[in-house]
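Listed below, chain by chain, are the residues.
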Amino acid sequence: MSTILLIEQLLNGLQFGVMLFLMAAGLTLIFGVMGLINLAHGSLYMVGAFAAAGVAGWTGSFALALVASLAAAAMFGALIELTVIRRLYKRDHLDQVLATFALILIFSEGTRWTFGSFPLFLNIPDMLSGTVMLPGGIEYSLYRLTIIGIGLAVAAGLFLLISKTRVGMRIRAGENDREMISALGVDISVLYTLVFALGAALAGLSGALVGAIQSVEVGMGEPVLILAFVVIVIGGIGSIKGALAGAILVGVTDTMGRTLLPVIFGSFMDPSAATSVGSALASMLIYILMAGVLVFKPTGLFGQA
Amino acid sequence: MLRETHVNALILLALLAVPLGALVLDQPFIITLATKVTILALAGVGLNLALGQGGLVSFGHAIFFGLGGYSMGILASHAQSFTPLMEVPFVIPGTNLMPVIWIVAIAVSCLAALVVGVLSLRTSGVYFIMVTLAFGQMFYYFAISWPAYGGEDGLSIYVRNQFPGLNTLVPIQFFGLCFAVLCAVLFLVSRLNNSAFGLALTGAHYSPVRAMSVGIEVTRLRLVAFVISGGITGLAGALFADLNRFVSPTMFSWHTSGEIIIFIILGGVARLCGPIAGAAAYIILEQYLGGFSEYWQIYLGLILLFVVLFAQGGLIGSLSKREIVRG
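First to last, the protein sequences are chains U and Z.
Quick note on numbering: the first sequence equals residues 1288 to 1592 in the numbering used here.
Quick note on numbering: the second sequence equals residues 223 to 549 in the numbering used here.
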């Protein structure tokens, strides 16, 4: 196995991790501020991807498609927050899980109804297609590199938003003591809708960006949602920093595992058995990683007890 | 309003009466549907012990349902092809005897529940939900990527497994068998709920600190409940595989976990016969709405949303008078 391939896979893992971060950041923010577990977050990812594919097919502009994905996901996010989610903040987690599971059914079937069962395709814009030469003679897809850039920029923006702005101050205050900040005259329900819509928009953006690499189809959100849960469990609930660290750890482990494990097993087994054992084990690797973190630090790497 | 025990008796009688009526009217499809309700209810009864009684919201019970299913699938496929399951260090043959398959299914599920439980019970609340969900997904992907037993395509068993003294291919006989298993498990679970163990489990659900201060080892108690719960759901998985004569990774999918929770919610959390009412309501909805629209899950979602937001206590809660305590 060559170094170039290894670095390429490392970058792929980083790109995957950055995408997971966009999902996990919203989930962890919503949990941290409102104490809500939102299974429908994967549906908002799907909404973003479909909105992007629809607008790109109609206008041909990828930039407009990204804007549409942000807007559509934020709009649907605000809509379900206002109609359903806000009734759930005071309920126990079981009710939250069930109600948001019901939302998944409604979103998935609603999307199938509107767009049909066939996957849609979102093309990578011409400007970003092709490869670039990285230092060290590695050719790498420009689009994937752009995704990494966008993801890291969003992470930095989110960090600035939360630590430096007035809205961010209120979000942090809401995490600590929601009675107190509403007593101080902050309209907490507007803040909640805002945080939920922000999380939804990030999920939508992530769906649109990934939609150009994979196909856009109903049910695309759920596997990513569960991976985002793994990220949050590893990073610690409520921590954006934890979400970033966990996402990159999961992304890199998963991608490298799928490349390396069959090779490692191949060094002492016959090739066909090595491929099947290696790929079966690779599909379990991140869950084993999660189990390991749980054994040593049940609250996650950056979580508080 | 009725007492809950009377409601329970009525539910069991109805579950028995419907297939018998269908037998008289020669409607084998209805008998198969009733069998499906019975088996899914059994899976729900298993989860209800952990979720209702113990307050452990497991979103990974599909693990045990799937393991039960694959126990049946693997044993029966070896019996079907007359190849031993393993030869070293000693020969284990396949089998098509239900009692043996059930014991294996329960043992495998209990073992998996022990491992998953030890890891997941280090966390609680929303972490527990996410962790069980994640472990469920791990089993799902493993079942898909492991090629030996059908991988993504699953495994077909051509003849239903046998039970001494019965012809399991006759729908009403297979229904009777499943119904008897369900009644036996219900009896055990009701005894368990009223035992010192069950009371301690309920106590640890509503006030873990108090339970701990009277000397109850909460984590160990929950682990035992989780293991028993997993074993029951595993048994249901083996029966479900026999009903369909087919196992596939879908049994491990998180939708399966979600559906088992839905049976409990529709019927009423921590009600003994809640999962039966819930599973029956779910299957009736599926049949009725499925004939009405291709997109029936939208209506299922809306109904579920309504039940969660406005009708706490489920079907049994609205029929009987015991107030449900919510933590």
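Some hints here could point you the wrong way.
[Unchecked claim] Far from chain U by the CB rule (all over 12 Å, computed), these chain Z residues:
1. G398
2. V407
3. F409
[To be verified] Covered by chain U, according to a simulated footprint, are these stretches of chain Z (three or more residues, beta-carbon under 8 Å):
4. 320 to 331
5. 357 to 364
6. 476 to 489
7. 505 to 514
[Stated by the list, open to error] Sample of chain Z residues with no beta-carbon within 12 Å of chain U, all distances over it, derived:
8. H228
9. E309
10. V337
11. L343
12. R344
13. S367
14. W368
15. G373
16. P393
17. A402
18. F419
19. G420
20. T424
21. V440
22. Q519
23. Y521
I should point out that these hints are in silico values taken from the structure, not numbers from a laboratory.
For every residue, glycine included, the Cβ atom is placed at its ideal position computed from N, Cα and C.
Here's how the hints hold up against the structure:
For G398 (chain Z), the shortest C-beta to C-beta distance to chain U comes to about 33 Å, beyond the 12 Å cut-off, and the non-interface label holds. Separation of V407 (chain Z) from chain U is adequate, the least Cβ-Cβ distance of about 23 Å exceeding the 12 Å criterion. For F409 (chain Z), the requirement that its beta carbon stay farther than 12 Å from each beta carbon of chain U is met, with the minimum near 26 Å. Requiring three or more residues with a Cβ within less than 8 Å of a Cβ of chain U, the coverage given for the stretch 320 to 331 of chain Z is violated, as only 0 such residues are present.
Evaluation of the coverage hint for the stretch 357 to 364 of chain Z: fulfilled, as 5 residues show C-beta separations to chain U shorter than 8 Å, against a requirement of three. Beta-carbon proximity to chain U at under 8 Å applies to 5 residues in the stretch 476 to 489 of chain Z; the threshold of 3 is reached and the given coverage holds. Figure legend: the stretch 505 to 514 of chain Z, annotated as covered by chain U; annotation inconsistent (0 residues with Cβ-Cβ distances under 8 Å, at least 3 required). Taking the minimum C-beta to C-beta distance to chain U, about 27 Å, the non-interface status of H228 (chain Z) holds against the 12 Å cut.
The claim that E309 (chain Z) lies off the interface holds: its Cβ sits roughly 17 Å from the closest Cβ of chain U, which is beyond the 12 Å cut-off. With a least CB separation of 9 Å from chain U, V337 (chain Z) falls inside the 12 Å interface cut-off, contrary to its annotation. A Cβ of chain U approaches the Cβ of L343 (chain Z) within 12 Å, the least distance being about 10 Å, so the stated non-interface status is violated. Annotated as non-interface, R344 (chain Z) brings its C-beta within 12 Å of a C-beta of chain U; the closest such distance is 4 Å.
Residue placement check: S367 (chain Z) does not keep its beta carbon more than 12 Å from all beta carbons of chain U (closest about 5 Å). Here W368 (chain Z) does not stay apart from chain U, with its beta-carbon only about 5 Å from theirs, under the 12 Å limit. The claim that G373 (chain Z) is not at the interface with chain U is violated, since a C-beta of that chain comes within 12 Å of its own (minimum 9 Å). Taking the minimum C-beta to C-beta distance to chain U, about 30 Å, the non-interface status of P393 (chain Z) holds against the 12 Å cut.
The beta carbon of A402 (chain Z) sits about 31 Å from the closest Cβ of chain U, which is more than 12 Å, so the claim that it is off the interface holds. Its beta-carbon lying about 22 Å from the closest one in chain U, F419 (chain Z) satisfies the requirement of being farther than 12 Å from that chain. For G420 (chain Z), the requirement that its beta carbon stay farther than 12 Å from each beta carbon of chain U is met, with the minimum near 20 Å. Separation of T424 (chain Z) from chain U is adequate, the least Cβ-Cβ distance of about 15 Å exceeding the 12 Å criterion.
Listed as a non-interface residue, V440 (chain Z) keeps its Cβ farther than 12 Å from every Cβ of chain U; the least gap is roughly 15 Å. Consistency note on Q519 (chain Z): stated as away from chain U, yet its beta-carbon is not over 12 Å from all of that chain's, at 5 Å minimum. With a cut of 12 Å on Cβ distances, Y521 (chain Z) falls inside the contact zone with chain U, its closest approach being about 9 Å.
Of the numbered hints given earlier, the model fails hints 4, 7, 10, 11, 12, 13, 14, 15, 22 and 23; all others are met.
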